[in-house]
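Participant: Residue numbers (the working numbering), protein chains in the order written: chain G, 136 to 372; chain V, 15 to 248; chain B, 116 to 439.
Just so you know, these hints were derived from the structure itself, not from any lab. Any given hint could be a false lead.
Pulled a few chain G residues facing chain B out of the computed Cβ check, cut under 7 Å [unchecked claim]:
{"#": "1", "residue": "Leu141"}
{"#": "2", "residue": "Ala186"}
{"#": "3", "residue": "Thr240"}
{"#": "4", "residue": "Thr302"}
Derived, one-sided and incomplete: chain V residues facing chain G with beta-carbon distance under 10 Å [said to hold, decoys possible]:
{"#": "5", "residue": "Leu108"}
{"#": "6", "residue": "Leu169"}
{"#": "7", "residue": "Pro170"}
{"#": "8", "residue": "Ile178"}
{"#": "9", "residue": "Phe210"}
{"#": "10", "residue": "Thr212"}
{"#": "11", "residue": "Leu226"}
Restricting the straight-line Cα-Cα distance to at most 25 Å, the calculated cross-link-like pairs of lysine to any residue (SDA-like) are [said to hold, decoys possible]:
{"#": "12", "chain 1": "B", "residue 1": "Lys327", "chain 2": "G", "residue 2": "Gly281"}
{"#": "13", "chain 1": "B", "residue 1": "Lys278", "chain 2": "V", "residue 2": "Arg113"}
{"#": "14", "chain 1": "B", "residue 1": "Lys280", "chain 2": "B", "residue 2": "Glu367"}
{"#": "15", "chain 1": "B", "residue 1": "Lys278", "chain 2": "V", "residue 2": "Thr111"}
{"#": "16", "chain 1": "B", "residue 1": "Lys370", "chain 2": "B", "residue 2": "Phe233"}
{"#": "17", "chain 1": "B", "residue 1": "Lys211", "chain 2": "V", "residue 2": "Asn115"}
{"#": "18", "chain 1": "V", "residue 1": "Lys211", "chain 2": "B", "residue 2": "Asp361"}
{"#": "19", "chain 1": "B", "residue 1": "Lys211", "chain 2": "V", "residue 2": "Thr111"}
{"#": "20", "chain 1": "B", "residue 1": "Lys288", "chain 2": "B", "residue 2": "Thr352"}
{"#": "21", "chain 1": "V", "residue 1": "Lys211", "chain 2": "G", "residue 2": "Ala221"}
{"#": "22", "chain 1": "B", "residue 1": "Lys295", "chain 2": "B", "residue 2": "Lys324"}
{"#": "23", "chain 1": "B", "residue 1": "Lys384", "chain 2": "B", "residue 2": "Val235"}
{"#": "24", "chain 1": "B", "residue 1": "Lys234", "chain 2": "G", "residue 2": "Glu159"}
{"#": "25", "chain 1": "B", "residue 1": "Lys167", "chain 2": "B", "residue 2": "Asp264"}
{"#": "26", "chain 1": "G", "residue 1": "Lys207", "chain 2": "G", "residue 2": "Gly281"}
{"#": "27", "chain 1": "B", "residue 1": "Lys198", "chain 2": "V", "residue 2": "Ala65"}
{"#": "28", "chain 1": "B", "residue 1": "Lys214", "chain 2": "V", "residue 2": "Leu107"}
{"#": "29", "chain 1": "B", "residue 1": "Lys327", "chain 2": "G", "residue 2": "Ala205"}
{"#": "30", "chain 1": "B", "residue 1": "Lys342", "chain 2": "V", "residue 2": "Phe37"}
{"#": "31", "chain 1": "B", "residue 1": "Lys214", "chain 2": "G", "residue 2": "Val165"}
{"#": "32", "chain 1": "B", "residue 1": "Lys342", "chain 2": "V", "residue 2": "Arg113"}
{"#": "33", "chain 1": "B", "residue 1": "Lys211", "chain 2": "G", "residue 2": "Gly281"}
{"#": "34", "chain 1": "B", "residue 1": "Lys324", "chain 2": "G", "residue 2": "Gly169"}
{"#": "35", "chain 1": "B", "residue 1": "Lys254", "chain 2": "B", "residue 2": "Ala244"}
{"#": "36", "chain 1": "B", "residue 1": "Lys279", "chain 2": "B", "residue 2": "Lys324"}
{"#": "37", "chain 1": "B", "residue 1": "Lys319", "chain 2": "G", "residue 2": "Ala160"}
{"#": "38", "chain 1": "B", "residue 1": "Lys326", "chain 2": "G", "residue 2": "Ala171"}
{"#": "39", "chain 1": "B", "residue 1": "Lys198", "chain 2": "V", "residue 2": "Gly151"}
{"#": "40", "chain 1": "V", "residue 1": "Lys211", "chain 2": "B", "residue 2": "Lys254"}
Where is the CB? At the ideal position from N, CA and C, for every residue including glycine.
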Amino acid sequence: MMHLPLAFLSDFGDAIDFILHTREAQTGTVQVGGLAEVLDFTWEHIKVSGAAIGVACAFAVPVGLVLGHAGKGELLAISISNVGRAVPSLALIAFFVAYLGVGFTNVTLALVLLAIPPILTNTYVGVRQVDPDVIDAARGMGLSPGEVVRRIELPLALPSIFGGIRTSAVNVVATATIAPLAGVLTLGDFILSANVYGQDGRLAGAIVVALLALFVELAFATLQRVVTPRGLTLRDP
Amino acid sequence: MTTLAQVQFHERSGDSCIARNDFCPGWIVDHFDRYTDPLLQHIFLTVTAVACGFAIAFVLALVARRRHWLNGPILGVTGVLYTLPSLAVFFLLLPITGRGNTTALIALTAYTLQIIFRNIVTGLENVPAEARDAGIGMGLTDRQLLWRVELPLALPDVIAGLRIATTTTVGLATLAVFAGAGGLGEQIVTGSNITFKTGVVAAGGLAVLLALALDMVLLGVQRVLTPWRRARPA
Amino acid sequence: MRRGQFPALVMAIAALGCMLLLGACGDDDNKSSDSGSTSGKLIERNPDNAGKKITVGSKNFTEEFILGEIYAQALQAAGYDIKTDLNLGDAQIALKALKAGDIDAYPEYTSTALTSFFKVQPQDIPKDAQDAIDQTQSKFAQEGLVAFDPTTFTSANAVGMLKKKADELGVQKVSDLKGKSQDLTLYGSPECRQRVDCLVGLEKYYGLKFKKFTPVDIGLRYDVLDKGQADVSIIFTTDAQLSTRDDVVTLEDDKKVFPPGNVTFVARKQTADSAGPDLKETVENVQQGLTERVMQELNARVDVDREEPRAVAKAYLRESGYIK
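Using the sequences and the hints, build the whole thing.
Facilitator: Here is the structure:
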């Protein structure tokens, strides 16, 4: 059903009001809304997303570097990316809830699995794209393989790596919206438990999570630009 | 004396695979009919969203072909649409389009725009200059150049974009249940389904298989439409 | 073929066919071994009801799905034009949908209606079931809603724990949790935070403060106990698991904060008026078979056997003799 434009503008106004002021819930028993509650859920959202990305990087970057340096496992790296993209985030969360139960750790684990493929693939590809001449020159100067990875390949692959982290970060923040299904109260709770927070709360949750996602994208895009040496053309992953 | 009809009380020993909540592949085969409607709805949502996304992105790419300054803004807007979490978009649209297929389709289509648009543009840009020159040399008009030379050569990139868009859309369409549009997600979040190991694996597994199947179909389409590439390694 | 043989062959085949048909009819008696002859009032299709549209809704947990389907399928058998919109959400959302006309009717519990809609405190709910029903019906009537006569079975929220844990803490009543609850985690539905027959009542009337309250979907209420995340979980007295498992116990509600409620089919007045007498008659007829034990059995078929509510509702209507 299409509403008149004026009608939905007022809905958005009510949602903004929800973010700023607490009000009595529909049942009349408790208070909902307000900046404190919104910030609480935002922090939880950032916590679970950050934890997942951190763990994913800790795993995927070293593995990607090693594989990329050795030139092995290209099929694996690309396939992981394709299969990873095909697994629905909802199914992943549900799988962990069904097998391991609800809770912060379990949700983080699911999000880690979600975050690994883009980071792994981009690290691998980033290392493979380093000019072989540069590596030969480095070897010629007497650098050990480990030093080649640390001092040549890693820095040159950084733009690609950060591109992967950026993609993962946006995916994880988006998926963390359904974390309330697993008992972790992120901004998604405003959306999924509209009975508690009301229509205003639900729209407010959608607005805040959209802004958070945009902010994360912007932050990582900036980071990616910062680590890109001038003169190196950035190919978006 | 007539006795009232009775509901049968079943014996439940807790021994069966389902009672223990283990993974029971046999159950999936026996109860597959539970998944056919959600699967069909899922296919409908995915194919419609990607088709609409392709149509819109294609038009945008054609418009930007001779006006390269448009690339930045278009990538910017489609990029924002790509970044917004789908669940948020469903409920941002709710006041305007309500619950149902329309809301889900708008959100899913919007998500595909950036990747498809970017790949069409890249594909067109990567057409070798020699091919373009040859075409001009043969006297082709600009429109003929586009449709007979540039687009066929850009096809692999375009299909690559469609493949990525399709795979991600299948994944996102599981969330369509929250917008009231059904799909495989219905079998995951309704009632106590989220604790039902066999059911979760079945619904999730079907989504993954669907994504891989559609991916193969598009790959096949590419092979059919670009026979000249078969001679070279992919 | 010789003359005379052809008619004989036809007779033989006809006889064989008759025997097979009789055999098939006879089979039905063998299936339902411990039930007697059908005598639940069979629902008759009334052609006057054709074209009368009714949208039946339900709240968001197993028992509500089953009840919604039972009423919907029964009314369909009576000839109404039925649509379902089950799994709307919690009581507040369902009531809102009803008042807005998104649905025309849904099953509600008298206790939930009195405490959540009409702000009656649990201890003020009439002890006499009939008085509680009368109060519910008159309060709904003031909102332009008709609450039909309710079921005989009742259901209530309950405080559940694993038997192991309850024994370990030595608790049998909810008030035994005083002094212990600050070390315990409580899991309940999202709306439990706001309901007086849930977290609000536990804090207000029992004076309990839990270490943490985590809201999860109603469908997870036993899973969180099993996986060790919840020390205490809010469950329902008609849950299948309470009869199929012996490792879960409910604590006695000594302060009467969780009042039992009968189920009443609540409809918009316009719908009730235009639907004719069959609406009331069908609804009150089809719920006769719903004893507490039967409701538990139906819940078990969905939650334990993982059958779909629609199929379970149909089986109930068939087995009880309301539809063929």
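Participant: Confirm or reject each hint.
Facilitator: Against the structure, the hints come out as follows:
no., hint, result
1, Leu141, "violated, 20 Å"
2, Ala186, "violated, 18 Å"
3, Thr240, "violated, 10 Å"
4, Thr302, "violated, 30 Å"
5, Leu108, "holds, 7 Å"
6, Leu169, "violated, 20 Å"
7, Pro170, "violated, 16 Å"
8, Ile178, "holds, 7 Å"
9, Phe210, "holds, 7 Å"
10, Thr212, "holds, 9 Å"
11, Leu226, "holds, 6 Å"
12, B:Lys327 <-> G:Gly281, "violated, 48 Å"
13, B:Lys278 <-> V:Arg113, "violated, 43 Å"
14, B:Lys280 <-> B:Glu367, "holds, 15 Å"
15, B:Lys278 <-> V:Thr111, "violated, 49 Å"
16, B:Lys370 <-> B:Phe233, "holds, 21 Å"
17, B:Lys211 <-> V:Asn115, "holds, 22 Å"
18, V:Lys211 <-> B:Asp361, "holds, 22 Å"
19, B:Lys211 <-> V:Thr111, "holds, 19 Å"
20, B:Lys288 <-> B:Thr352, "holds, 15 Å"
21, V:Lys211 <-> G:Ala221, "holds, 20 Å"
22, B:Lys295 <-> B:Lys324, "holds, 9 Å"
23, B:Lys384 <-> B:Val235, "holds, 23 Å"
24, B:Lys234 <-> G:Glu159, "holds, 14 Å"
25, B:Lys167 <-> B:Asp264, "holds, 22 Å"
26, G:Lys207 <-> G:Gly281, "holds, 16 Å"
27, B:Lys198 <-> V:Ala65, "violated, 31 Å"
28, B:Lys214 <-> V:Leu107, "holds, 23 Å"
29, B:Lys327 <-> G:Ala205, "violated, 49 Å"
30, B:Lys342 <-> V:Phe37, "holds, 17 Å"
31, B:Lys214 <-> G:Val165, "holds, 23 Å"
32, B:Lys342 <-> V:Arg113, "violated, 35 Å"
33, B:Lys211 <-> G:Gly281, "violated, 65 Å"
34, B:Lys324 <-> G:Gly169, "holds, 24 Å"
35, B:Lys254 <-> B:Ala244, "holds, 15 Å"
36, B:Lys279 <-> B:Lys324, "holds, 22 Å"
37, B:Lys319 <-> G:Ala160, "holds, 17 Å"
38, B:Lys326 <-> G:Ala171, "holds, 20 Å"
39, B:Lys198 <-> V:Gly151, "violated, 66 Å"
40, V:Lys211 <-> B:Lys254, "violated, 43 Å"
In summary, the structure is inconsistent with hints 1, 2, 3, 4, 6, 7, 12, 13, 15, 27, 29, 32, 33, 39, 40 from the numbered list given earlier, while agreeing with the others.
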